[in-house]
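Construct all of the structure, not just a fragment, from the sequences and the given hints.
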Amino acid sequence: MRSSLRLELVAALAVGLLLAAVPMLIPGNITLLNLGILTFLYVAQGVAWNILGGFAGYVSFGYAAFFGLGAYTTALLWLAGWSPVLTYPIGGLVAAAFSLLVGAPTLRLVGPYFSIATIGVGEAMRILMLNLDKITGGASGLNLPTVVPSKTWFYFVALICAATSYAVAAWIRTSRFGLGLTALRLDLEAAESLGVRTTLFKNLAHIVSAALVGACGGVYATYLQYVHPDTVFSFTLSISLVLIALIGGLGTVWGPVLGAVVFFVVQDYLQTSYPTFHLLVYGLLLLVIILFEPGGMAGLAGRLVARRRGASAGPPAADPAPHAEHERAPMPRADAERPGTERTT
Amino acid sequence: MFTTQNLVSVAIAALLTAGLYAVMSYGLAIIYGVMKVINVSNAGFLMLGAFMTLMYFQWWHLDPVAGAVLNLLPFFGAGWLVYKLLVRRVVSARPIATLLLLFALWLVIQNVALAIWGSDDQSIITAYTYKSLIVGGFRLPLTRLIVFAVALLALSLLHFVLGHTYVGKALRATVQDPQAALLVGIDTERISALAFGLGTALSGFAGSLLTLLFSFTPDFGGPFQLKSFTIIVLGGLENFAGVTVGAAVLALTESFAVLFMRASLQNVIAYGLLVVALIVMPGGVAQLWARTRS
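So the sequence lines, in the order shown, correspond to chains A and B. Residue 239 in numbering that gives the first Met the number 0 sits at position 240 of the first sequence; the count goes up by one each step and never skips. Residue 77 in numbering that gives the first Met the number 0 sits at position 78 of the second sequence; the count goes up by one each step and never skips.
Hints may contain errors.
Said to hold, decoys possible - Just so you have them, the derived chain A footprint on chain B, three or more residues with Cβ under 8 Å:
#, region
1, 47-53
2, 92-100
3, 140-152
4, 221-228
Said to hold, decoys possible - Derived DEER-like restraints, expressed as beta-carbon distance ranges:
#, chain 1, residue 1, chain 2, residue 2, range
5, A, 188, B, 184, 26 to 36 Å
6, B, 5, A, 267, 46 to 56 Å
7, B, 7, A, 34, 54 to 64 Å
To be verified - To give a feel for the contact side, a few chain B residues facing chain A, derived at Cβ under 10 Å:
#, residue
8, 37
9, 88
10, 89
11, 113
12, 256
13, 257
14, 258
15, 260
16, 261
17, 279
In case anyone wonders, no lab produced these hints; they're calculated from the structure. Model, not experiment: these values are computed from the prediction. Backbone N, C-alpha and C define an ideal beta-carbon position, used for all residues, glycine too.
Spelled out as C-alpha cells, the structure:
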C-alpha cells in the first residue's frame, strides 16, 4: 500500500512537471493553453468536490455557490484596484466562510436530504445574486479590467490550482482526517462511537473543498474578464463537478482528474455543434456507471489491472478501488426510514 | 396596496395555484412513501408531460386538459419501466446511488428534449387562455379555475383509490411498514413498480396542466421539482394529506411574500423554505403542529 502510494505521487509529480513544460515545449499555441487552463480548473474543482462528496459521501449539488462567491470576490476587489493574485485566497476564504454557514445546519441531514438541500441553497444563491444588481451587475454582469497577464501566466496559475487540489486531497486521503471521513461515510454512528468527531470532520471537508473551488472561481473571473451570476452560479456548473467526480471515480484522488479531462474534452468537442449535448452524453455515462461500475473510470481501471494480475500471478490483487464499491446498506435501516437530522448532533 | 380586497384576491390566487402544486407533488410523495426514494427524474417527466401536451395540441388541436388525461397511460408505463429497468437494480444500495441514478435519468430526458424541441420558450394558447370570470367582485382567470378544478378532481380520485381499493390499501400498508406488508402477503415489489408508475403518471398529468398557466422550455422542470420537494417536506414526506397542506403553505407564502419583495425573488422563498423545513421540521407542518399542542 505504501509503495503504491509513493508510486502514485511520483507519477503525479511527473505528470505535473510534464504539463508545466508544455508552454516551453510547444510555444505560442493559444488553443492548447486555453484548453489547458479550463481543464486544470475543472480538475482542481472536481478533486476538491470529491473531498466532501467522495471521501465523506456527502454529495452536494450546490458548489456553484462557492465558485460564484470566489469569482465575485475577485471581480469586486480587482475593480477596487487590488492585484488579482492577492484576491484568489480571499475568494477562497469567502467561499469557505459561506460553506461553514451553510454546512453547519445542512450537514446534519442524512445523505440524499443533504443533496436536495444543497440544490435549494445553490439555486437560491443564483437568484439572489441575479437580483443584487447594485453589487453583482445583475442580469448584465460585470465587465472587468482588460489589462490581464498572458495566457501562459494563466496556464501556470491554473496548473498550480489543480496541483494544490490534488496535493490537499492526496494528503487528506492518507491522514487520520481522511480515515475519519471514510469511517463516517461507511457508518456515521459507528464512527461516532469510535470517537471520530464527525460533525467537525464533515464541516472541515466542506470548508477545505469550498475554499479550493472559491479560489478557482477567482482565477476564472480574471481569465474571462467578465462575471455574470447565471454563469458563475449556474446549476450546470454544480452538476459538472458531480459528474466529473462520479465518472472519474468517487472517493479516489486521481479519478476526478481523469473525469475532468474527459469531461472537458467531450464538452469542448461537442460544444460548437450542440451546446448542451455533452450533458446528454454524460447523463448516459452516469447511468451506465451507477448500474455497472460505481467506481467510475478509476474503479474500472483498478478492476482491469486486478484481472491482468490475477491472470498472470496466483493471489488476486488487493481490492482495486476500496472506496467506491457498491456499499450496500445492511438493512432497510434508520437513515432510510427517516429523513431528519442525525440523533447525535 | 394592502386593502382587504387585494389580500383576499391574493389568497384566492394562491389557493388556486395550490391545487396544481398538490397534484405535481403527489407523485413524488407516493414514490417516496413506498420506497424512500427521492425521485429527481420527476422534473424530466413534468417537462415531458408539457411537451407531449404541446404535441397533441399541434397535431390534433387537443385541449391541454384532454392532453393531461391522455398522458396518464404512457407515463404510467414509462414510470413502470424506469422502476423495472433502473431503480430496482440500485434500490438496495445506498440511498445516494438511487438519487444519482434518477438524476442521470433527468439529465438524459432534459437533453433529449433539448435536442428535439430546442431551447425556445413554448406556450399553448387556447380559446379561453385570456378569459376570466368575475365572482363577487374578484376577477378569476379561467385557466386557473380550470386547472384547480381538474386538480381537485384528480386528487379526489386518488384519495378514493388509495383509501378504498385493495391496491390503494396495499400501497399505504407498504408506506407504513414494508416488512409487515410483505408478511401479510402484499407483493411489495409489485407495489413499488406500481407506485413509480403512478407517480410518473401524475407528473405527466401535472406537466400538462402547467402548460395552461406557464410557458415552458426543456429546462423548466427544475424549479417546479424543487417546489415539489418543499411541499412534500412541509407535508411530512409520507403523509399524503400533508401534500395538500404543504402545497397550500407554499403557495400562500410565495404569494404574500411577493407583496414585500421583487417578483423575481419568488423562487428564493420556495428554496429557502425547503432548506429550513428540511433542517428544523423533518416531520413537516403536521409534526410542528402536534408539538406545539402537546
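Worksheet item: Can we keep the residue 260/B interface hint, with Cβ of chain A closer than 10 Å?
Response: holds (9 Å)
Worksheet entry | Per-residue hint verdict: residue 88/B, partner chain A, C-beta under 10 Å | Cβ of residue 88/B sits 6 Å from chain A, so the hint holds.
Discussion item. So, as I understand it, the hint says residue 89/B touches chain A; can you test that by seeing if any CB pair is closer than 10 Å?
Written reply: holds (6 Å)
Fill in: Range agreement (Cβ of residue 267/A with Cβ of residue 5/B, hint 46 to 56 Å)
With a Cβ separation near 53 Å, residue 5/B and residue 267/A satisfy 46 to 56 Å, so the hint holds.
Discussion item. A closest beta-carbon separation below 10 Å is what the hint needs, so does residue 257/B meet it against chain A?
Written reply: violated (13 Å)
Item to complete: Between the region 47-53 of chain B and chain A, see if three or more residues pass the 8 Å beta-carbon test, and mark the coverage as holds or violated.
Response: violated (count 0)
Worksheet item: Okay, the region 92-100 of chain B and chain A, do three or more residues pass the C-beta test at under 8 Å?
Response: Holds, because 9 residues of the region 92-100 of chain B bring their Cβ atoms closer than 8 Å to Cβ atoms of chain A.
Item to complete: Confirm or reject the coverage of the region 140-152 of chain B by chain A under the rule of 3 or more residues with a beta carbon closer than 8 Å to the chain's beta carbons.
Response: violated (count 0)
Worksheet entry | 8 Å C-beta test of the region 221-228 of chain B against chain A, three or more residues | It holds, with 4 qualifying residues against the three required.
Discussion item. So, as I understand it, the hint says residue 256/B touches chain A; can you test that by seeing if any CB pair is closer than 10 Å?
Written reply: violated (13 Å)
Worksheet item: Does residue 113/B pass the interface check with chain A, least Cβ-Cβ distance below 10 Å?
Response: Given a least distance of 5 Å, the restraint on residue 113/B holds.
Fill in: Interface restraint verdict for residue 261/B against chain A (beta-carbon cut-off 10 Å)
holds (6 Å)
Consistency with the previously given hints fails for numbers 1, 3, 12, 13, 14, ordered from lowest to highest.
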